[in-house]
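Which chain is which? The protein sequence lines are E and B, in order.
The first sequence begins at 1 in our numbering and counts up one residue at a time.
The second sequence begins at 301 in our numbering and counts up one residue at a time.
Take every hint as true, because none was put in to throw you off.
Below are the DSS-like pairs computed for lysine-lysine, each with C-alpha atoms no more than 30 Å apart in a straight line: (1) LYS374/B - LYS122/E; (2) LYS105/E - LYS453/B; (3) LYS396/B - LYS122/E.
Going by beta-carbon spacing under 10 Å, a handful of chain B positions derived as facing chain E: (4) LYS383; (5) GLU385; (6) VAL459; (7) PRO461; (8) LEU463; (9) LYS489.
Hint data in this document are derived by calculation from the structure and do not stem from the laboratory.
Every residue, glycine too, gets a C-beta built ideally from N, C-alpha and C.
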Amino acid sequence: MGPMAAQSAAPAAARAAQAAPSAPTSVDLKVPNKKGTVKFAVIGDNGTGEREQYEIGEQLAKIQTTFPFDFVIMLGDNLYGSQNPRDFVKKFEDPYKALLARDVKFYAALGNHDNQENRFYKPWNMNGERFYTFKKDRVRFFVLDTDYLDQPQRQWIERQLRESTDDWKIAYFHHPLYSSAAAHGSQTDLKLILEPLFVKYGVNAVFTGHDHVYERIKPQQGIYYFVEGSSGKLRPGDLRKTALTEVGNDRDQAFMIVEVDDNELHFQAITRTGKTIDSGTLAQQEKPKPAPVATSGAKP
Amino acid sequence: MNSSKLLANNPGWRRLICGASLVFMVAFMVAAPRAAQEARPATVNPQAAALKGFQDRVNAYVALQKKADDGLPKLSGKDDPSKIEAHQAAMAGRIKLARASAKRGDIFGPAEPAVMAVVRDDANLRSLREARAAMEEVPKFDPPAVNTPYPEKAALATVPPLLLDALPRLPEGLEYRFMGNDLVLRDTKANLIADFINNAVPTAAKTK
Chain E
1 MGPMAAQSAA
11 PAAARAAQAA
21 PSAPTSVDLK
31 VPNKKGTVKF
41 AVIGDNGTGE
51 REQYEIGEQL
61 AKIQTTFPFD
71 FVIMLGDNLY
81 GSQNPRDFVK
91 KFEDPYKALL
101 ARDVKFYAAL
111 GNHDNQENRF
121 YKPWNMNGER
131 FYTFKKDRVR
141 FFVLDTDYLD
151 QPQRQWIERQ
161 LRESTDDWKI
171 AYFHHPLYSS
181 AAAHGSQTDL
191 KLILEPLFVK
201 YGVNAVFTGH
211 DHVYERIKPQ
221 QGIYYFVEGS
231 SGKLRPGDLR
241 KTALTEVGND
251 RDQAFMIVEV
261 DDNELHFQAI
271 TRTGKTIDSG
281 TLAQQEKPKP
291 APVATSGAKP
Chain B
301 MNSSKLLANN
311 PGWRRLICGA
321 SLVFMVAFMV
331 AAPRAAQEAR
341 PATVNPQAAA
351 LKGFQDRVNA
361 YVALQKKADD
371 GLPKLSGKDD
381 PSKIEAHQAA
391 MAGRIKLARA
401 SAKRGDIFGP
411 AEPAVMAVVR
421 DDANLRSLRE
431 ARAAMEEVPK
441 FDPPAVNTPY
451 PEKAALATVP
461 PLLLDALPRL
471 PEGLEYRFMG
481 NDLVLRDTKA
491 NLIADFINNA
501 VPTAAKTK
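Given these sequences and hints, build the entire structure.
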């Protein structure tokens with residue numbers, strides 16, 4: 001019996017006490033929705049198999065009909081608890097059934113709750129890798145496994161960033177470099193290791209999960225950071241707004257839609273009931289100047 | 301006339317004997333220290349030897365892992381969950397059989413104190429708050445056992461990357477994880493505990 005059927009069997013009083021209706025309401029799009037832009041959705045910490053995850057899935061499906069994103073990035077903790085074949089159905093294939101039927105692609109990062117061998121699961125498009133990169137038109141995505149950031153992975157990401165000549169560079173992974181949530185917060189080791197690379201090689205935006213809240217971080221050394229770890233899990237009251245916080249929400253599950261055009265990134269964070277909790281437009285940053293090549297100064 | 305007198309009375313021989321004596325003395329002066337040195341046993345860095353032994357045992361485990369994978373349908377990245385589950389279960393079954401008598405310490409061995417020192421030193425470099433934060437996600441489970449699965453529903457606590465830098469490098473197929481207060485060597489393909497070190501987490505960094 002799936003979660004929606006289980007809900008209908010619950011006592012009426014308990015159902016009345018549940019926070020919000022399950023039917024998605026109409027969303028007022030805050031992104032331009034122009035032709036020829038790169039459009040995607042963002043979910044993180046989603047794999048619960050519970051009602052709220054399904055409601056997020058319904059919202060995504062509804063929005064996709066008007067904002068036709070063709071892929072979703074997953075920020076890790078794609079499945080919680082047991083991860084046998086039945087769990088893939090309950091915690092991924094059923095909640096996002098409508099999107100999968102429309103051939104929307106999912107590109108997953110691994111989180112600390114994920115079985116690492118799930119990198120072989122076809123619908124997550126990881127091609128058997130813990131860390132990988134892919135390109136969508138003008139945007140290159142770099143997907144990391146921050147659960148185990150060993151030397152081979154660090155060497156890989158530096159090489160990839162250095163060699164990328166793409167207009168936009170977006171990195172995503174599970175653990176946040178910056179977060180104001182109480183449960184986990186900013187990950188110091190990761191910040192020390194990754195941030196210099198991101199600054200040096202001109203990463204434009206970073207999406208992470210792990211903390212079960214939504215938070216848009218004020219730009220840090222020019223880079224835009226988002227925490228979206230509330231697309232299934234939620235920790236109400238966990239977000240203590242700090243000097244890092246531009247906008248935050250820990251009251252309801254949420255997801256994001258993003259649209260990237262030539263020189264702007266537009267975003268909108270939406271709850272499972274269709275309420276917009278954040279939106280905006282971020283200008284593309286100037287690319288870092290390459291380091292000057294040392295010469296002897298001798299005249300030819 | 302005896303030979304010594306013959307030698308003493310012959311100037312040519314005297315020059316030859318003197319020359320030979322000189323060569324012999326120089327040779328002795330060179331050879332003696334070397335002989336003395338060879339007589340002393342070569343000093344060996346015990347920690348380096350222990351870590352080398354650890355690397356050898358790790359490599360042997362990975363070779364066993366590769367052997368366990370032989371003949372199994374390969375995972376391609378385009379797989380369904382049944383195939384992923386079956387592959388992991390098959391790997392685990394083969395390795396458990398091959399290491400039926402494995403016990404704690406079989407891989408870490410004499411390197412255990414050195415590895416614990418790395419973990420301790422890393423914790424000392426962090427503030428108490430950070431050291432505890434690094435351990436907070438660690439699942440609190442009963443002590444691990446060699447050749448048993450890492451608990452399916454347990455999160456894989458992040459290993460701080462700076463600590464990973466300091467620990468002996470592992471080949472693909474094995475990784476370090478903390479479980480309770482123990483440092484586990486985890487087989488990532490079979491999801492087995494290959495070995496572990498008890499109480500590797502320094503006291504100050506332990507969480508409740």
